[in-house]
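Peer 1: Read off the chains here:
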Amino acid sequence: MKELDQVVIRFAGDSGDGMQLAGNRFTVVTSLIPNDLATLPDFPAEIRAPAGTVAGVSSFQIHFSDHDILTPGDKPDVLVAMNPAALKVHLSSLVPGGVILANVDAFDERSLSKAGYSSNPLDGDELNSYRVYRIPMTKLTLEACKDAGVKPRDAERSKNFFALGLVSWMYTRPIEPTIDWIKKRFASNELVREANLRSFKAGYNFGETAELFESQYEVAPATFRGGIYTSVTGNTALAWGLIAASRLAKMPLFLGSYPITPASDILHELAKLKEFGVKTFQAEDEIAGAGSALGAAFGGSLAVTTTSGPGIDLKAETIGLAAHLELPMVIVDIQRVGPSTGIPTKTEQSDLSAVVYGRHGESPVPVVAARSPSHAFEAAIEACRIAVKYRTPVYLLSDGYIANSSEPWMLPDVSKIEPIDPNFLEAPNHVDDEGKSSYWPYVRDPETFARQWALPGTPGMEHRVGGLEHQDGSGSVSYDPLNHERMVQLRQAKVGAIAKDIPPVELNDPDGPGGADVLLVSWGSTYSAVMAGVKRVRTRGMKAAMAHLMYLNPFPANLGEVLSHYRKILVPEINSGQLCTMLRAAYLVDAQSISKVQGLPFKTAEIEAAIMDVIDND
Amino acid sequence: MTDVATTNGKVTSRKDWASDQEVRWCPGCGDFTILAAMQTMLADIGARRESTVFVSGIGCSSRFPYYMNTYGIHSIHGRAPALASGLAIARPDLDIWVITGDGDALSIGGNHFIHAMRRNININIVLFNNQIYGLTKGQYSPTSEVGSVTKSTPYGSIDTPFNPISLALGAEATYVARTHDMDRNHMMEVLKRAHEHKGTSFVEIYQNCNVYNDGAFSDITGKDRRADYLIPLVHGQAIRYGQNGEYGVARGDDGHLHLVRVDEVGEDALLIHDESLDNPSQAFELSRLARGPHEPTPIGIFRSVERPEYGYEVARQVAEVESKKGIGDIAALLQSSGTWTVN
Ligand SMILES: Cc1ncc(C[n+]2csc(CCOP(=O)(O)OP(=O)(O)O)c2C)c(N)n1
Ligand code: SF4
Ligand SMILES: [Mg+2]
Numbered sequence: 001m002k003e004l005d006q007v008v009i010r011f012a013g014d015s016g017d018g019m020q021l022a023g024n025r026f027t028v029v030t031s032l033i034p035n036d037l038a039t040l041p042d043f044p045a046e047i048r049a050p051a052g053t054v055a056g057v058s059s060f061q062i063h064f065s066d067h068d069i070l071t072p073g074d075k076p077d078v079l080v081a082m083n084p085a086a087l088k089v090h091l092s093s094l095v096p097g098g099v100i101l102a103n104v105d106a107f108d109e110r111s112l113s114k115a116g117y118s119s120n121p122l123d124g125d126e127l128n129s130y131r132v133y134r135i136p137m138t139k140l141t142l143e144a145c146k147d148a149g150v151k152p153r154d155a156e157r158s159k160n161f162f163a164l165g166l167v168s169w170m171y172t173r174p175i176e177p178t179i180d181w182i183k184k185r186f187a188s189n190e191l192v193r194e195a196n197l198r199s200f201k202a203g204y205n206f207g208e209t210a211e212l213f214e215s216q217y218e219v220a221p222a223t224f225r226g227g228i229y230t231s232v233t234g235n236t237a238l239a240w241g242l243i244a245a246s247r248l249a250k251m252p253l254f255l256g257s258y259p260i261t262p263a264s265d266i267l268h269e270l271a272k273l274k275e276f277g278v279k280t281f282q283a284e285d286e287i288a289g290a291g292s293a294l295g296a297a298f299g300g301s302l303a304v305t306t307t308s309g310p311g312i313d314l315k316a317e318t319i320g321l322a323a324h325l326e327l328p329m330v331i332v333d334i335q336r337v338g339p340s341t342g343i344p345t346k347t348e349q350s351d352l353s354a355v356v357y358g359r360h361g362e363s364p365v366p367v368v369a370a371r372s373p374s375h376a377f378e379a380a381i382e383a384c385r386i387a388v389k390y391r392t393p394v395y396l397l398s399d400g401y402i403a404n405s406s407e408p409w410m411l412p413d414v415s416k417i418e419p420i421d422p423n424f425l426e427a428p429n430h431v432d433d434e435g436k437s438s439y440w441p442y443v444r445d446p447e448t449f450a451r452q453w454a455l456p457g458t459p460g461m462e463h464r465v466g467g468l469e470h471q472d473g474s475g476s477v478s479y480d481p482l483n484h485e486r487m488v489q490l491r492q493a494k495v496g497a498i499a500k501d502i503p504p505v506e507l508n509d510p511d512g513p514g515g516a517d518v519l520l521v522s523w524g525s526t527y528s529a530v531m532a533g534v535k536r537v538r539t540r541g542m543k544a545a546m547a548h549l550m551y552l553n554p555f556p557a558n559l560g561e562v563l564s565h566y567r568k569i570l571v572p573e574i575n576s577g578q579l580c581t582m583l584r585a586a587y588l589v590d591a592q593s594i595s596k597v598q599g600l601p602f603k604t605a606e607i608e609a610a611i612m613d614v615i616d617n618d
Numbered sequence: 001m002t003d004v005a006t007t008n009g010k011v012t013s014r015k016d017w018a019s020d021q022e023v024r025w026c027p028g029c030g031d032f033t034i035l036a037a038m039q040t041m042l043a044d045i046g047a048r049r050e051s052t053v054f055v056s057g058i059g060c061s062s063r064f065p066y067y068m069n070t071y072g073i074h075s076i077h078g079r080a081p082a083l084a085s086g087l088a089i090a091r092p093d094l095d096i097w098v099i100t101g102d103g104d105a106l107s108i109g110g111n112h113f114i115h116a117m118r119r120n121i122n123i124n125i126v127l128f129n130n131q132i133y134g135l136t137k138g139q140y141s142p143t144s145e146v147g148s149v150t151k152s153t154p155y156g157s158i159d160t161p162f163n164p165i166s167l168a169l170g171a172e173a174t175y176v177a178r179t180h181d182m183d184r185n186h187m188m189e190v191l192k193r194a195h196e197h198k199g200t201s202f203v204e205i206y207q208n209c210n211v212y213n214d215g216a217f218s219d220i221t222g223k224d225r226r227a228d229y230l231i232p233l234v235h236g237q238a239i240r241y242g243q244n245g246e247y248g249v250a251r252g253d254d255g256h257l258h259l260v261r262v263d264e265v266g267e268d269a270l271l272i273h274d275e276s277l278d279n280p281s282q283a284f285e286l287s288r289l290a291r292g293p294h295e296p297t298p299i300g301i302f303r304s305v306e307r308p309e310y311g312y313e314v315a316r317q318v319a320e321v322e323s324k325k326g327i328g329d330i331a332a333l334l335q336s337s338g339t340w341t342v343n
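Residue numbers (the working numbering), protein chains in the order written: chain L, 1 to 618; chain A, 1 to 343.
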């Protein structure tokens, strides 16, 4: 038994090989050790890419350790390659000397040629610098299922469990939780259950008896703060955050949505959770997704619409109306590679400019971004809080990486989360010259500029709101030039006032403000790689500071002051420098963009290199 | 309880339903009589102002909510059915009207329009059909007849128009009616029935735009020719029209509906109108009798049938799950995919 402090494993195979399932089950047992972990699922862009081709390869990477980690790891130490295409796609990212567990049965002539190999790499010299294990996974799986009454074609599909069993043995994962899970998950299908159980055990036993492997490895439990933990993906945490916000505000949750990758799982999750009084509506398109949410908001629901890039273009006009009517709603954008359909399954942060600026007219909308899978819970509650308190649409940004990857999450004490007060108005707020009382929809709180809001169904509060410019206070249609200017300023001031209501940006600089040679500004999912990169250069004695932005509009009130301490500012983004441009415009600072647009998150090493580069060139 | 209309315990009359905003349509516009019919009908039936919401898109017609002393949203072009759908699902207790135009509902908003009816969401869609874009000053619309000369079709339009009744029937609508702006009593009757209907009600109103498309429906609505051009649809009665009832609708030997002379086919051959037929085919055939408002045109309720209402079904599913699983507990939800404890 050898001790390791951390390992990165990548399960890769054809999209029909069940690699996501194997990866997810491995994640669950790893969380039980408990190791700290982060995962990165990577799906083929097409659902039905031809089997066996490089386009059809699906992978799942997990990084686990005995210490605090932030990212799914730059390069895998172990590659499970279920077919030649998987090897072809992923070999270059494996660490030198890394382990390859290859399903040798899949390396036949046909599969090799489909993957574009003219000869079998398992036989040549190409893999000499790796530790290659040629394992007949298909054959051993069929063998294990021989007496189970399963047809060979069906039995073969259990080979992902064989691989899972083998890797579980190699890294001394407990097997009971997986066995229990298989029994439960396939309770109604005896044959599949048997095949999966036998294959899983066969894989595990193969490790033990084959004498192929020098030793098993152990990754000791990480130290976690005391508490109850679960493992969540970003989309699940976000959906749960919306439900929690609905409870905190005592407003029923309404979701209007149109399916789109990688946002659909939020719709799926909320559609299941009707016991929380959630109403989900799969609309005819994204426009109706947003429109139905705005209609529900008018009726007093906590209204949400979820989508990804192409959908936000369609929703823009409705969001402008919501900003104009001053009604709360949350627009969730799980960003993916654009423009146009782009690469739907890959991640990007390229919608930032669109959500901040992408509407006609002066139409300010607050923007909040989740930084990690579990943080999506908190970010969702915060987006809802701002929306309800300020009567405004709020954009909640996540991305494909956060959406599908998972991490351990110490569960918050939900009873301690601050309630959200919708503060509905139930009695008239205006008396006219003749002493008649009525409700004026645009009477505001002098500090927050939030308007007083009454719901339909309340007698005596009947009123009309609309997309035509209206008089502040009464809400009557008004084309008065000065009133329009005042309304533009008020709507802007209201969003601006949120800066006083959010925490100041936290500066992470061990030497105090201005102490470090460079400041890195992260937002959204770049948080983890930037944090890991900063930590790593510090271990080499370099001085790097970091500030992470959860709020992209408005910026925290102290951001300008924090930036002013640094001569060198780096802004790594999975786009071409959108936040960087905003910071330069807002604060006249010489921030430099570190841009990556490959549909993949930053690697720690890339951040590290960028920091060294700027410090070395000083 | 009296049988007089009340809102919030007070008797209402038409003026209680009028807002304090000055009505700004062109003098003589058909929209005025529709507004009057709506206000009078709601007062008459004792609707409650506080639970009535008018949602509109954009267009002359879509200014309507500003003039109603109820809750209202003047939204964006074509999207009123989408907003109204969300509101109706979230708040089944409300009475929701969608006010729309031929451009608003059938051009930019066509998708929302058909899907609301398909789902049978409890909203009343009132389409002011003037066969023109009024607000944008006179371009042709999806209901303009072929050959219409408008600002954007100086040589005559070449696209085939929609027949809104046929479209609604094709979209699975459960209540489909047509009326016109020159007959307040008929409008009130059709709107009242729309209001009573559970699910989506669709009412097309032939509305005169006296500025950009004056007289588009005058054959049907004008007192002089009305008898020969307006075919009244009355449930349970033979479909018959003409100064002296000399014309009617009957099914011919070819299996299709035709306009007939009663003295040629005999009274017994006339089609008896049945708005409650589950199969929409006959209603559809009636909607095809006239190719445009210059031919004898059926006016009245084409179809009125029952089908589960969407908002009710949504609420029923929620209630069923709540009673089966118990009201959700957030702390338990966060632990639902398995946990581990660190001391
Ligand atoms: C997105 C968008 N496109 C175009 C317009 C301009 N527009 C406003 S109303 C209208 C057509 C109105 O026609 P109709 O629905 O028939 O209403 P009417 O004025 O005849 O009552 C158009 C094109 C708009 N307001 N918004
Ligand atoms: S333009 Fe036509 S439809 Fe619009 S208000 Fe004037 S008359 Fe009415
Ligand atoms: Mg029109």
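The reader is advised that the hints may include incorrect statements.
To be verified - 27 Å max Cα-Cα, derived DSS-like pairs, lysine-lysine:
hint, chain 1, residue 1, chain 2, residue 2
1, L, LYS274, A, LYS223
2, A, LYS198, L, LYS416
3, A, LYS192, L, LYS274
4, A, LYS15, L, LYS272
5, L, LYS146, L, LYS183
6, A, LYS324, L, LYS183
7, L, LYS184, A, LYS324
8, L, LYS184, A, LYS198
9, L, LYS183, A, LYS325
10, A, LYS324, L, LYS272
11, L, LYS151, L, LYS183
12, L, LYS436, A, LYS198
13, A, LYS324, L, LYS250
14, A, LYS15, L, LYS274
15, L, LYS88, L, LYS146
16, L, LYS250, A, LYS325
As the list claims (entries may be wrong) - Covered stretches of chain A, going by a simulated chain L footprint (3 or more residues, C-beta under 8 Å):
hint, segment
17, 58-66
18, 73-79
19, 327-340
Please keep in mind that the hints were generated in silico from the structure rather than gathered at the bench. Idealized CB from N, CA, C, for every residue including glycine.
Peer 1: Compare the structure with the hints numbered earlier in the document and write down the numbers of the violated ones, lowest to highest.
Peer 2: Those not satisfied are hints 1, 2, 3, 4, 8, 12, 14, 15.
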